[in-house]
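*Asks:* Given the coordinates of chain Y, work out where chain D should sit on it, guided by the hints.
Sequences listed follow chains Y and D, in order. Under my numbering, residues 1 to 950 are what the first sequence spells out, in order. Under my numbering, residues 1 to 475 are what the second sequence spells out, in order.
I should point out that these hints are in silico values taken from the structure, not numbers from a laboratory. Each hint should be verified, as a subset may be incorrect.
[Stated by the list, open to error] Pulled from the structure, derived: some chain Y residues nowhere near chain D, Cβ distances all over 10 Å:
no., residue
1, N164
2, Q550
3, S811
[Stated by the list, open to error] Below, in silico cross-link-like pairs of lysine-lysine (DSS-like), each with a Cα-Cα straight-line distance of 27 Å or less:
no., chain 1, residue 1, chain 2, residue 2
4, Y, K76, Y, K166
5, D, K389, D, K421
6, Y, K142, Y, K74
7, Y, K665, D, K388
8, D, K389, D, K420
9, D, K389, Y, K665
Beta carbons: idealized from backbone N, C-alpha and C, even for Gly.
Residues per chain are reported as follows:
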Amino acid sequence: MARRKLTLFSSRWGRSSIHVSLPLVATLGSLPIVLAAQEAWAIGEVTGRMGGVVQIQTGSKSKDGLAGVPVTIKSKALLGGKRTVMTQEDGSYRFDSLPPGVYTLTVRVEGFVPIEQRNIIVLAGQLAAADVDLEVGQETTKIVEKRNPVLNPESAVTTTVLDNTKVQRTPVFRQVQAMAQLAPGVGPGNSPSVRGGLSRYTRYLVDGLDTSDIVTGGISSPMNFDAVEQFSLFSGAMDAEYNSLGLVQNMVTRSGGNKFTLDASFTLQPTAFNSNIRYGAQLPQQNGTLLYDDRPPAVRDFYSVNANIGGPIVKDRLWFFTSFQFNYNRAMATIPPFPWYGTTEDTDRYRYTYTYLGRAKLTWQATAATRISLSFNIDRNQIQNSLLSTTVTEDAERMIDRGGEWLVLLVDSALSSKWLFQMQAGFTTKRSLEDTQKKTEDGLPDRITASRTLRTADQFNGVTYGNSSGGWNDETKYRIQVDPTIMYSTTGKSGTHNIKGGVQFAYMRYSHNVGIAGGLRWTDNIPGTPCNPADPATHASCNQVTEYPQSLPQGGKAGEGWTTTAEAYNLGFFLQDRWTIKRFLTVVPGMRFDTGLLYDFEGKRLGTLFGYGPRLSLVYDVFHNRSTLLSAHYGRHNDVGNAYIADQGNPFQASTLKRWDTAGKTFNIQNSSGGAGGQLFAESVKPPSLDEVGVGIRREVIAETVLGIDYTYRLYDNLWVNEEINQIWDPAGNRVIGYRDGMRRRIFEAGTPDDAQRTYHGLDFWLQGNPGNFGIIASYTLAFSEGNVSDYFSAYRQNPRMNAFYYGALSDNYRHTLKGAIDYSFSFGLNVSARIQYRTGAPQWRVFQSPEDNGFSLYRSPRGTNIGARANDPTVWSEFKLPDQFTLDLQGSFSLEKLTGQRIDLMVMIYNVLGGGTPTSIDSRTGNTFGAITGRLDNLNAQVILRYRI
Amino acid sequence: MLRAPLGLPGLLLLSASLPAALLGCSDLIAPDPYQGTIDSSGFDTAFGGPAKPPSWPNSVFPCLAPRRGLGGGTNGIDGQTWWYMGGLSASQLDLSNAADPSKALPPSVYQVTGCDGGEGKADAISRSNYDARVHNYLTDRQYPVVSYGSFPAQVGAAGEPTNVASYRPFHVVVPVALRDSVRSRMGCNDIKSERSLLERAGWSRETKTFPENAPYNLDLRIPSRDDIRAGRVTFRDWPMVSVATVLMKTPVANESCPFQSGSMAQYPKFPGDPNASFQFPQQHWLRGLLGGYIDGGDLPTTTDPAACADILRYPTGKSCMMTSECNAAANEICSSGRCQAPIPVCPQLNELFVDIGEVPLPTSATLSNPIPNATVSLPDPTAPMDPKKARTADILAIFSAVPSDPSYSPVCRLRFFDKKKVTCAASEPSDLVAPRPLCSAAELKAQPDALITKDSMGRPLPTYYVHCLFQKKTQ
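So that you can see chain D by itself, here it is in the shape it has in the complex:
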């Protein structure tokens, strides 16, 4: 006989709660939640904006078509496939943000090594069982994690990495190695945000510090601002693009753009499928959102003040009347009443030569997209007025260096030449219609009269920079 009024009901309630209480706590570290994909509508089209017409440079196909170019250097003239990522401003080449120290340093990318496959140790999606319908990403490798300002010492007043105004395509690589204490408790791609990465390393969100002798769970080698300014870190050229951007294998839409009518494109059965007609960009994490980037590889940099002075100068605190009052050793000059110093570290520059007859000089309105077209219509010299006899060809893009050349860089200085004034040794054997001089960059440099250095008004041409990278082959 139950005496207490709540006896039997209490027993029932207790028995209902027991199973929940008996559930043990797992030793695993829960993975960061997957928040979806980055909204690319705010991306600059020059950096691979939304993958839909008409905002993409190619107004018809929402695919990023590779361009063909010619490389010089030790390999001679040969066709090269490169990605054109639009124009760059000088301030975007200021890797140290010296011109405005209140702004963020280049965003960091944490590259995590030593992961153990299988997200949360439970979901082992790998290349072999990857299902394009349902699996957004592989889990046998940790995607890089882009910073967004959680760590103030690193990035200062960080701008929004996907905002056109503050976006920089160049990232500082921060190596991160998992230690044994966490490797067995985490899977690859468990970490999807900078904050959780730092906290797994022991960083306190409240005090914004690491504990003494830490990080202890992850080996996190965060460079100092001085390291960055001195160029003692590795920079990568990783323009962030829409994760849905289709990177065509060939410029022929029917062959490699899935959105073209009658497309024969074969989709990748896993990221990096070599038999696919196109690829998606490589993937990274930003705040738990899946993003895409094109891996342009290492960004070679220099701290040579002369080289960096070509790109940009910034005012020091010192006022002056003439250059002699400034630090000559640092290559400072006096301008506008202030000593102007070159930025401490900047990208090495490649050179890209284009024919003035095929690529018009940029205007202030087209600076973000100086080379809008990948192809040009070439008339038949025997019947130049007959449009039916014209042919479409890739624009004549000649690089001074290509990957593997010592002076290669994915940041190019755009140079214009007049093909009517050049004489070159190389020629394309099958190029019988509208022959074009296929010069090497060295040959062009050796013919300064052919180079365009002034505009139609006789004013010196400003320096134009374009983002031109050869996609790094990975996976």
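Just chain Y, with the same shape it has in the complex:
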């Protein structure tokens, strides 16, 4: 064995050199891979890091680092088997670009007791800190079971990381987009609002590639839940490499391994697993439960089968992973009779949903320094009778047929000991067709027959018949993305700098063809006899019709509809330095520049958006032992546009609203909109931006469990609006009394005015960790969220008389949110878990009917309020909210391995155990149905999953 002089470096009280001759145990030359300590993260951080100090006790209270010591790690997740690095002058070591998983760390130095630390968990985007204390001696290997705190001492990012094991133990519906619900500051739903932002801001990354829908912002292509190794949820204080006004959910997918594995499961949720509770219409929850309803429960079946297979193609060199999933969903609703339409008794209508998901991934260790992965994902979804509504006849139902694919290429290459190069590239495609369920004789969707909507006795709801009023929407979306990144690491007197810079380029294209069946949409605003457009004698009843000229049938054939295309280019540059000044202080300054180019259907550039995004984060280890961290952050993010924004500059489908004139016995034009000249784009626009300030403290209160407190302030500014600029309203905003250009038409202009804003203040208390056999994720959030924009291009600024009312408590302003998931694992294979969710009611906003178009668009009090008993007394305006919600979900999971010798797990989930039917939506329209309950929490229901693994 070679002997080397080891230089000791005091980690705390200055330098000292002690020359000791010690044998070197490690055989460096035999190790397949040697990586020097350097900093490296993939975009979207699909890999993690491990680091620490190898030290010995040199005084009663002092420890000195050991230089030149070999540190070896191994894991099943590590392609290539093992890695070894040598400690630096100060005794520190570091491993970068590690796939998430469980690792074992070994240090063998002659003259010292060998150390083996086991069960070190590496999470994507996190540093797993593992210090090694050597003891002089020749004893057998000392095995240390690693403590894995949740704290990340190098980053202020608000992160919730969920590995596959944790999510399997949580009673949550097996959908990737449902995971965000577990993080603090995240609202309900599959496209949640996060810390006061719009739901479209949520970004879904898969292995670092942005797969978000380029139009809606939600998840574009679902993927198999069990194909995900880890979910990383970033909800604030993000570094410069991220540009997102909302949550970033990064899913690190499984890659396979040196052993063949099979993970298959079958999910059952038949109708019998749903409770029979029914509620009377329009009644509050506590006294609305029907007691003597002996009808069989409505059909509601869900079945799913999925299989995941992984393994080596070439051991330690080439792995594969593939998965497949099929979902079947059947729901039923009883449709009441419509005697005026020819149906005289109740009928059962079914909605069928079929979903297919497929995935394949290859991971290749091309050279010792380069790793490449390539993955492909495909999805298909078909829904028949997608509305399943009691207010549409069967021929007015709709269908959905959609699907998409995406491909991700990830290259990770260590250029030298200090330089690392990474690149992510990929493309996503999405096609979606929504159309009428009604078919012609040829079996094609009927785009010729017009729809009619008959107002009911309450005067506000209606029954649509004849054909779907929604028309058709055939859209295609493409996205190409290339993100090269370069990283440089250096250590000097000022500390350690891990500098990262990169370019992020994306091209998006969105095209869609829309139309209205028959080119006409008849509305009968007078309850009573339905209208027959072919019979002029009934036109007094069909007193409103909207005409869409491009959809009008020609020569017995359906109209072509309206087609537009939009394109967008996004280019971003970022540079950041993770500067560790001392072990206990890290500062992360960064800057990014983003620009977006938007093009309309004619290829004309609509606008150029430019934004700069400074970032500054600070993390301070208060007691220098990684048990208590203080963090502070400022950051600015800019939304420089996507294909959806560009499409807003396109003229939209032309329409003309006509109303029946009783005196003249003719349909008079009320107004028109759309078509050429109907949609403008503001000449000068600022990109919507987010300014965020956050401070926080987090402390490991018990082993592997952290308690944190975070305060966040957010200002969302210059949000997109579509302002109507031609109509002149009376002073009350009730009627249009003139037009600026003298023509009865609406003209819209898309822009980002300075007053289109949202603000958020939030205080989060959270607890995360795995103390003993427990697993805990819990949080309480106190939040205040106000603004005047509910979504891009909402109704703000379309009636200037209403503008003053638009600012107020936003609909996702949940003042108090308490959520938690706790599980406990017994030694005999049983795991039980519970999940609670409590949130105060969502603000509502009373709305009044406008005589201008019979729609509900008039307000008399600010957003989030109701007028009082005295209509003209603002002092009696009151908050208007839904009731508070509370749900409890339970899960039991039992391993049958001891009984059967096979790795079989049986899981039972029960959702909404308390069976609360709390209203989730009410009718806020002034009139007969004001306050009527239109939606409730799902009834108690159960799900069983049988899982088999090899």
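*Replies:* For chain D alone, coordinates are given in the frame of chain Y:
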């Protein structure tokens, strides 16, 4: 090297808060918030209710069409344009609320003078840059502020000014002048509520008093109840209407109602645009809400007990058996065992004569709207049964006084006459079809046989009052 654990983070937090701390406080007095417009759904249609069919007297057009009438007096017979605001009850003409002293006095209107343009000194929307799309109101003049009961000494137990049951169209004018101490710190239309107006004058909401020798920021001359009862204040006739009510320039819908099919109406490019085919009502503030009113001008009043006795009496505290036991000087009479006194102050009355053949006698069900139609169909005397030869004409409305006449008042006593029994000197030169006697009010009064004083049962007709005003031309 930072010693304290919170040193660097604390510095960062401090530096983040410094900009906020450095922001100075402005000397300006913040304007009252703009709360929107008054919900007119509760307005009585007779006072210009919601501007949409079918609740407006004109069931087809949500516009207030002017009516044509004829004026007598010194100006002779001539066409006049007037606004018909429906029927009035006697209690609504009790300006002092003497009949029920527990109720509010007439609502006050604070008329603020001396403002300096530009709301909050920052937003100078004026007639020249007024944009009908986005500017609800001008800011180079302070709109009047309607009271709603903040000042108990003034209005007592105030009723809801927009409530049909308690609404009065007649207001007491309270002059308010801005002093130098506030003029430079406020803009016009900064004040939108009674409460903030009183507080800017120094009134304490908690103690409900003004400080000694105050008001000092605003000259606020609040009349006493005695002043009001004695008629020593100015009353204005300001029926509150929907701010969206369209006041047509002519009765022809196509010309001046924007909601009529084929309308040629030209909208006002600023409030009071003389070239517009219609106007919106003038604007006022109530609790920060923008409201509309029609300015009927000064409401002439009288404290003559004889004149007011014609309108209403109220029971005094004194019981009696006969009138001689009551105060004859005060024109009290004994009725129902109590001395009944006339109300201390009441509007002077104009007189409006209509033909019984064109306007039927009101019934108890139509008291709030005694003259429902503005027009009448007149048959051709040569072919009275041929509907094609009939013509539509304005109803024959003859006023005893018009604005500028000494006895003019926007409150009219409705009088009926039989045109077949009158003989008048005046005639309309072009009125060759169905000639109608165009008498002056004086001529009608001089022919008492033509006046209808009894109903079909021979019972004396009650007195009917209607609200008829000639819109004051302002701006």
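*Asks:* Work down the list of hints and note, for each, if the structure agrees.
*Replies:* Okay, the hints, checked on the actual structure:
Separation of N164 (chain Y) from chain D is adequate, the least Cβ-Cβ distance of about 35 Å exceeding the 10 Å criterion. Distance check for Q550 (chain Y) against chain D: the nearest CB is about 27 Å away, which clears 10 Å, and the non-interface claim stands. Its beta-carbon lying about 20 Å from the closest one in chain D, S811 (chain Y) satisfies the requirement of being farther than 10 Å from that chain. Of the pairs offered as hints, the one joining K76 (chain Y) and K166 (chain Y) holds, with about 19 Å between alpha carbons and a cut-off of 27 Å not exceeded.
Proposed proximity of K389 (chain D) and K421 (chain D) is supported: the alpha carbons are some 25 Å apart, at most 27 Å. Our distance criterion of 27 Å between C-alpha atoms is met by K142 (chain Y) and K74 (chain Y), whose separation comes to about 17 Å. A C-alpha spacing of about 21 Å is found between K665 (chain Y) and K388 (chain D), which places the hinted pair at or below 27 Å, so the restraint holds. Between K389 (chain D) and K420 (chain D), the direct Cα distance comes to roughly 21 Å. Compliance with the 27 Å bound is thereby established for this hinted pair.
For the suggested pair K389 (chain D) and K665 (chain Y), the alpha carbons sit about 24 Å apart, so the restraint of at most 27 Å is met.
Checked against the numbered hints given earlier, the structure satisfies every one of them.
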